[in-house]
Each structure stands twice: as structure tokens, then as C-alpha cells.
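Novice: Please build the complete structure, drawing on both the sequences and the hints.
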Amino acid sequence: MAITLEQMRHTAKLARLELSDEQLTELMHHINALMAHFERLQALPLDDIEPTSHSIPVYNAFREDVIGETLPREEALANAPEARDGLFIVPRIVEE
Amino acid sequence: MQELLTLSLAEISRKLQQREISAVELTEIMLTHISTVEPKVQAFITPTPELAREMAREAQARLDAGERTPLLGVPIALKDNLCTKGVRTTCASRILHNFVPPYDATAVRRLRELGAVFLGKLNMDEFAMGSSTEYSAFHITRNPWDLERVPGGSSGGSAAAVAAHMAYATLGSDTGGSIRQPAAFCGVVGLKPTYGRVSRYGLIAYASSLDQIGPITKTVEDCAIMLNAIAGKDPLDATSVDLPVPDFREALVEDIKGIRLGMPKEFFGQGVQPEVAEVVRKAVGLLESVGAEVQEVSLPMAEQSLAIYYILAPAECSSNLARYDGVRYGLRVGAEKGHIGMMEATRAAGFGKEVIQRIIIGTYALSSGYYDAFYLKAQKGRTLLRQQFDAVFQQVDALVCPTTPTPAFKIGELVDDPLAMKLADVLTIPVNLAGLPGLSVPCGFVNGLPVGLQIIGKPFDEMTVLRIGYAWEQLACLHDELKIPTGLRTAPN
Numbered sequence: 001m002a003i004t005l006e007q008m009r010h011t012a013k014l015a016r017l018e019l020s021d022e023q024l025t026e027l028m029h030h031i032n033a034l035m036a037h038f039e040r041l042q043a044l045p046l047d048d049i050e051p052t053s054h055s056i057p058v059y060n061a062f063r064e065d066v067i068g069e070t071l072p073r074e075e076a077l078a079n080a081p082e083a084r085d086g087l088f089i090v091p092r093i094v095e096e
Numbered sequence: 001m002q003e004l005l006t007l008s009l010a011e012i013s014r015k016l017q018q019r020e021i022s023a024v025e026l027t028e029i030m031l032t033h034i035s036t037v038e039p040k041v042q043a044f045i046t047p048t049p050e051l052a053r054e055m056a057r058e059a060q061a062r063l064d065a066g067e068r069t070p071l072l073g074v075p076i077a078l079k080d081n082l083c084t085k086g087v088r089t090t091c092a093s094r095i096l097h098n099f100v101p102p103y104d105a106t107a108v109r110r111l112r113e114l115g116a117v118f119l120g121k122l123n124m125d126e127f128a129m130g131s132s133t134e135y136s137a138f139h140i141t142r143n144p145w146d147l148e149r150v151p152g153g154s155s156g157g158s159a160a161a162v163a164a165h166m167a168y169a170t171l172g173s174d175t176g177g178s179i180r181q182p183a184a185f186c187g188v189v190g191l192k193p194t195y196g197r198v199s200r201y202g203l204i205a206y207a208s209s210l211d212q213i214g215p216i217t218k219t220v221e222d223c224a225i226m227l228n229a230i231a232g233k234d235p236l237d238a239t240s241v242d243l244p245v246p247d248f249r250e251a252l253v254e255d256i257k258g259i260r261l262g263m264p265k266e267f268f269g270q271g272v273q274p275e276v277a278e279v280v281r282k283a284v285g286l287l288e289s290v291g292a293e294v295q296e297v298s299l300p301m302a303e304q305s306l307a308i309y310y311i312l313a314p315a316e317c318s319s320n321l322a323r324y325d326g327v328r329y330g331l332r333v334g335a336e337k338g339h340i341g342m343m344e345a346t347r348a349a350g351f352g353k354e355v356i357q358r359i360i361i362g363t364y365a366l367s368s369g370y371y372d373a374f375y376l377k378a379q380k381g382r383t384l385l386r387q388q389f390d391a392v393f394q395q396v397d398a399l400v401c402p403t404t405p406t407p408a409f410k411i412g413e414l415v416d417d418p419l420a421m422k423l424a425d426v427l428t429i430p431v432n433l434a435g436l437p438g439l440s441v442p443c444g445f446v447n448g449l450p451v452g453l454q455i456i457g458k459p460f461d462e463m464t465v466l467r468i469g470y471a472w473e474q475l476a477c478l479h480d481e482l483k484i485p486t487g488l489r490t491a492p493n
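Sequences listed follow chains E and C, in order.
The first sequence: position 65 = 65 (this note's numbering), numbered continuously.
The second sequence: position 134 = 134 (this note's numbering), numbered continuously.
These are computed hints drawn from the structure, not numbers from a lab.
The C-beta atom is built at its ideal place from N, Cα and C for all residues, glycine as well.
Any given hint could be a false lead.
Covered stretches of chain C, as calculated for chain E (at least 3 residues, CB under 8 Å) [to be verified]:
1) 60-68
2) 128-138
3) 195-209
4) 327-333
5) 342-355
6) 391-401
Specialist: Quick look at the structure:
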């Protein structure tokens with residue numbers, strides 16, 4: 001089940017990665033070499049097995065609904081590439 | 001090299017407590033040593049000498065006031081994916097090159113409260129994805145045993161720093177072997193605790209169902225001391241488990257009579273260098289001669305582990321790394337391209353090849369039409385593997401095997417081979433998938449390079465794992481051989 005360049009382009013778009021066809025082609029060869037190794041999973045008898053998402057039997061972790069400490073706004077914004085008036089600044093999303 | 005530097009954490013702690021040396025003096029000696037050795041090894045991304053001096057002064061004040069705790073005044077260092085308040089934390093990635101966390105990881109905060117002295121942040125593979133530290137966006141780190149070889153990874157800086165005596169202990173993180181494999185390559189002790197034993201709060205996430213923070217140290221005793229400091233339930237990590245935390249130093253008894261050890265035959269088989277398997281078999285034989293009961297066991301699913309891991313870990317990584325979008329922190333590139341274009345340009349410029357590869361695999365494995373074939377199958381395979389471990393642990397108390405199939409490989413040797421590099425983790429990955437504790441202790445040498453003995457325990461049974469590790473360490477008497485790594489020995493004139 002090899003991945004094609006077309007699928008690579010689509011996946012890169014989903015993952016928000018701006019990659020050239022040249023970069024995608026090189027990656028595709030690496031990924032297909034790995035995927036060949038994954039093929040062996042397809043042969044396992046797994047129909048009646050429950051999936052494991054993590055290894056400890058904790059399903060819900062509840063706590064009291066009380067207000068705790070939060071990060072002050074200035075600190076939360078301190079690492080932002082661009083911030084103004086207490087807000088993160090992003091490129092324009094809505095056209096005028 | 002000064003005798004003081006080669007002491008264990010426990011030994012230097014006693015000297016601090018008995019006031020044979022002050023924390024301030026010790027830190028200065030350490031900083032001088034780092035300035036000599038670091039140009040050869042390059043274990044650090046961000047050294048923090050001024051912070052270390054300040055923390056040493058504070059620790060000494062507490063020592064002067066009569067406080068006696070094992071980490072007070074002891075110089076340590078931290079892998080650069082652990083958030084440190086006010087100290088740059090990069091994950092060895094360009095995308096976080098300027099990130100200064102506003103908070104400490106819980107494990108870091110505990111060490112800070114206990115008065116450990118922070119020497120700096122250590123090199124790693126970018127986002128902890130790799131087995132050689134060659135995927136760091138900044139520079140490679142060299143193995144102190146042979147400067148032409150890798151220290152392993154992803155916690156390569158953490159292991160190399162301890163081996164080169166540039167810290168009495170370090171913290172690393174282990175998602176598929178990233179503590180144990182470099183510990184084995186560098187001739188030091190590394191523990192991946194049970195999943196849920198140590199809070200992951202403030203550990204920059206790679207694969208959340210597999211990641212775990214753990215110590216890298218010179219001795220098993222030091223490992224127990226560090227685990228005592230960082231273990232336990234944390235309200236800030238919902239997956240940390242509310243179980244009693246024993247004093248892990250109580251595991252340090254030499255007697256292992258009657259302990260049942262299993263040798264999983266798949267972990268000695270194909271792909272394991274015969275000389276490595278031989279060194280480990282000899283070690284197990286020695287443990288048997290002092291009263292351990294050894295039997296061969298089988299974990300057939302272990303052979304599927306790499307395939308399971310390289311679906312699950314990239315899937316989780318593709319989701320975790322979606323947060324790097326050039327908006328809240330880190331790099332921003334291409335702001336003129338609109339908001340989507342900015343994110344695409346930022347991520348392509350900020351992530352290295354290996355990280356991009358894993359994001360693509362993960363995104364693909366989770367995408368519509370492929371989820372059942374890959375992700376769900378891998379999760380089911382994970383269940384089968386865990387069931388096989390559970391069954392084996394009905395017969396034995398712990399498993400013993402090599403930590404890695406080979407000793408440290410050469411710099412550049414595997415960096416472009418997509419599969420070969422990943423095979424370096426083939427013996428450690430099953431332990432993460434099953435969530436078990438795993439310890440690597442130095443076991444001997446092959447061609448002058450250290451080899452690790454891996455001890456795998458039942459969930460939350462770090463006590464037994466440490467007990468076996470300690471017993472082995474006392475039996476093996478490798479202390480003198482391990483003291484000064486060959487790459488740092490000065491040539492006789």
C-alpha cells in the first residue's frame with residue numbers, strides 16, 4: 001500500500017506544510033520504505049481485539065470545578081511573534 | 001579529571017552535607033570542567049552558568065541552615081524538552097528557537113524545590129524524534145567513549161553529560177527508548193518509569209500515550225534518589241497515577257535470591273549483534289549464580305512493535321505538533337502569505353526533515369479511509385502485545401535482555417537510512433507500548449564500547465527493577481572501567 005505523490009500533496013496540505021514536489025518526492029521514498037515494514041500488521045488476526053489508546057486503566061480523571069491559578073495575560077503573550085492590546089496578532093483572515 | 005567530579009550523586013551529596021565542600025565551590029568546579037570537556041562532547045544547547053551560581057548560593061544557604069536532603073546543592077542538567085521557567089526551551093527545533101516558558105515542568109519544579117542546581121539544557125533529537133541526537137537542529141553531540149560515534153538519542157545530551165561528568169544526574173524523556181538507548185550507548189544508568197508514574201506536565205509532547213520523563217545517572221542508587229524526587233500524582237497531568245510512591249532507595253539490597261527472571265527469546269534474536277547478546281547472557285548467568293531463577297520466555301508480538309510504534313507515535317505527533325502555527329510562540333515565517341500560508345511556511349521552515357516525515361506519516365495514518373487500516377490495527381496490536389507481557393509476568397518477576405541490538409554507531413552512519421536508525425530502538429519500544437518500567441544498566445563492553453542490560457518490570461514495580469539493577473551493579477564491579485570514558489582519557493606521554 002504505497003503512498004503516491006498526489007496523496008503526499010494532499011497529506012501535506014492537511015498537515016499545513018508548504019513543501020515542494022521535490023521535497024515531497026524524497027519524503028515519499030523514505031515513507032514508502034517504512035510502510036513496507038508496516039505491511040506485516042495487515043496479516044495479524046486482530047478482528048476481535050479491543051484497541052488500546054494508552055496503557056493505564058484510567059478513563060476519566062475528574063476534579064472539583066474550582067478556579068485555579070492561570071497564566072497572567074502578559075506572560076501568555078510574551079512568546080508571541082506579534083501581540084498588541086493584549087491579543088495575538090495574525091495575518092488578516094477576513095477580507096474587507 | 002578531579003576525583004570530585006567522578007563521584008556519584010549520592011557520594012557528592014554526602015560531601016555537601018558533611019560540609020567537606022560548599023555548593024558554590026562545587027558548582028564552580030563543575031563549570032570549569034564543563035568549559036574543558038564541552039567543546040569535545042557538545043552535550044548542551046543552552047548552558048546556564050549564572051543561574052547555576054545563583055541556585056548554588058541558595059542551596060548553600062539552606063545547607064548552612066541545617067537542611068539535609070539528597071539533592072540539595074547537587075549540579076544537574078535537563079533535556080531541552082522540559083519546560084524551565086525563564087530559561088529558553090527549544091526541543092532542539094528551529095520552530096521553538098526563541099521559546100522561553102512561563103512555567104516549570106512539574107518534574108523540574110520538584111528538583112528546583114529540592115535545591116538541585118541547574119547547569120543548563122541538553123541537546124536531543126528534534127522533538128525527541130530520533131536515536132542519535134543527529135536530528136538536533138543545532139549541532140550533534142559526541143559519545144564520550146568514542147568522539148566519532150553518536151551518544152544515542154533522543155536524550156543523547158542527557159546521557160553524554162552524565163558519562164562525561166558534566167552533571168551528577170540529568171533528566172531525559174523516553175517515548176521509544178530515548179532514555180535507555182543513550183544510557184546504554186554512553187555507559188550510564190537510565191530509567192524509563194512506568195507510564196503514569198511521573199507527571200508529564202511541562203514535557204513538550206511528542207507521543208502522549210508513550211512519553212515518560214526519567215533520570216539518567218551514574219549509579220542505580222542515584223537513579224532511585226532522582227525517581228524519589230520526581231514520582232507521584234500531579235493534578236496538572238490527568239494521566240499521572242495516584243498510587244503510593246515508595247522510597248525507591250529501599251530497593252537497594254544486594255540479595256536477589258528467588259527472583260524470577262525471564263529472558264525473552266525475541267530480544268536475543270535476529271538483528272542483535274552476537275557479541276552484545278553474549279555479554280548480556282553472561283550477566284544473566286552471573287545473576288543466576290547468586291540465586292536468581294532464570295527461564296526463557298516468549299513475546300512473539302514484540303517483533304511487531306516497530307510497525308505498531310511507527311504508526312501510533314507519528315499519529316500522536318501529528319496531532320501534538322499541530323500547535324506550532326506561528327501564532328502563540330516560536331518561529332513565524334511568511335506573514336504576507338495570509339493566515340494559512342503563514343502557518344504552512346512557518347511549519348515547513350521550522351521543522352526538520354525527520355519531524356516532517358513523522359507528521360506526514362501520522363497525518364496520513366489518521367486520514368479518512370486509512371484510519372482502520374493503520375491506526376486502529378496498530379492500537380489492536382498494542383493490546384495483544386500488552387496481553388503477552390501480562391501473561392509472561394504471571395511466570396516471572398522481571399525480564400532481562402539487551403537494551404540495544406548494537407553498541408553506539410558512527411556519526412553519519414545511519415542518518416539517511418529510514419529503517420536502520422529506527423532498528424536501534426527495536427528492544428526498547430515494546431516497553432513503551434505496554435507502559436512498563438525499563439532500566440538500562442552498564443553490563444560490559446564490546447570492542448571497547450559500553451553495552452546496556454535492560455531490566456523490564458511489571459507496571460509500577462520500579463522497586464524490583466531497581467533491585468535487580470543494583471544487585472547487578474554490585475556483582476559486575478564495572479565502576480573503575482566506567483569511570484573515565486575512553487574518548488576523554490588523556491593520552492599517556
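Novice: For which of the previously enumerated hints does the structure constitute a violation, in increasing order of number?
Specialist: Failing hints, ascending: 1, 2, 6.
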